[in-house]
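J.: Work out the full structure, taking the sequences as your base and the hints as a guide.
Count the sequence shown with my numbering and you get residues 692 to 904, in order.
Hints were generated in silico from the structure; no laboratory data involved. Any given hint might turn out to be false.
Label-pair distances were calculated between CB atoms; the ranges are [what the hints assert, rightly or not]:
no.	residue 1	residue 2	range
1	Met845	Arg772	24 to 34 angstroms
2	Glu707	Thr777	35 to 45 angstroms
3	Ala786	Glu713	20 to 30 angstroms
As a list, the in silico PhoX-like pairs of lysine-lysine whose alpha-carbon atoms are at most 20 angstroms apart [what the hints assert, rightly or not]:
no.	residue 1	residue 2
4	Lys799	Lys854
5	Lys859	Lys841
6	Lys859	Lys799
7	Lys841	Lys799
On a predicted model such as this, the values are computed, not experimentally measured, just so you know. Positions of the beta carbon are idealized from the N, C-alpha and C atoms, including for glycine.
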Amino acid sequence: MHATQSPRQTDPLDVETFARPEQQRRYVAAMNRIAAERPTGMPVRVYVSAAPATVNGSNWERWLKRITEDLPAGVELLHYRSVFETSPYNWDTLASQLDGLVVIGRPKRLGSRVHLLGPVARLELRSLVAQKPVLLFTHNLGLVPAVDCKSQVMPPANAPRLKLIAPKRWNRSSITLHAALNALRPTDSTSQVPERHRDARDHLVVPCATGAS
692 MHATQSPRQT DPLDVETFAR PEQQRRYVAA MNRIAAERPT GMPVRVYVSA
742 APATVNGSNW ERWLKRITED LPAGVELLHY RSVFETSPYN WDTLASQLDG
792 LVVIGRPKRL GSRVHLLGPV ARLELRSLVA QKPVLLFTHN LGLVPAVDCK
842 SQVMPPANAP RLKLIAPKRW NRSSITLHAA LNALRPTDST SQVPERHRDA
892 RDHLVVPCAT GAS
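T.: Quick look at the structure:
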């Protein structure tokens, strides 16, 4: 008797995005609105959220340089050392002054698309993810919008962490990345500001494919 072959297993990460098409459309519309409403000459500030071990690691400066290169020219990068090292940690005050967030998680293994954020980074992400561009920094893919990632809350319950999974077939030509970077591009008198979107329905919904709580 011949053994029955099992159905071919599919890789759940083998997708271009974990976001639904409508979710992507709303995200792009929200990012376009942010870009259209940016006042001329206003600075653009992005905070890089990372664990102390990452900030103190040997790769920190190299990763900051890479993030700077991946973001639009003129964006000001902030991080724990530059903001809170000599003053109390007051995230709510800082968050109100930020234009975006880049999170650096701990990869499951070298080259993995699975990244784990600690309790503090998770809360920082939650405070901005429905309002501003939030991007996951990955070593092999570069910056990936949180809208394209799958999220999963991890224990312990009293200080939950967050697992972010980047899609296997995500690429840098993604419309969501283009929109997020456009929303972070400083404007000046010579810049062409995108046409303003006036549709009241174009609001930013919870961007992660599986919401964090």
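J.: How does the Cβ-Cβ distance of Glu707 and Thr777 compare with 35 to 45 angstroms: does it lie in that range?
T.: Roughly 43 angstroms apart at Cβ, these two residues keep to the hinted range, so it holds.
J.: Just tell me: holds or violated, for the beta carbon distance of Met845 and Arg772 against 24 to 34 angstroms?
T.: Roughly 26 angstroms apart at Cβ, these two residues keep to the hinted range, so it holds.
J.: Hint check: Lys841 vs Lys799, CA-CA at most 20 angstroms. Holds or violated?
T.: holds, 15 angstroms
J.: Need the status of pair Lys799, Lys854: alpha-carbon distance at most 20 angstroms?
T.: Holds, at roughly 10 angstroms.
J.: Is it true that the CA of Lys859 sits at most 20 angstroms from the CA of Lys799?
T.: holds, 14 angstroms
J.: Given the hinted pair Lys859 and Lys841, is their Cα-Cα distance within 20 angstroms?
T.: holds, 11 angstroms
J.: Please test the hint of 20 to 30 angstroms on the beta carbon pair from Ala786 and Glu713.
T.: Holds, since Ala786 and Glu713 (Cβ atoms, about 27 angstroms apart) stay within the stated range.
Hint compliance for this structure: every hint is met.
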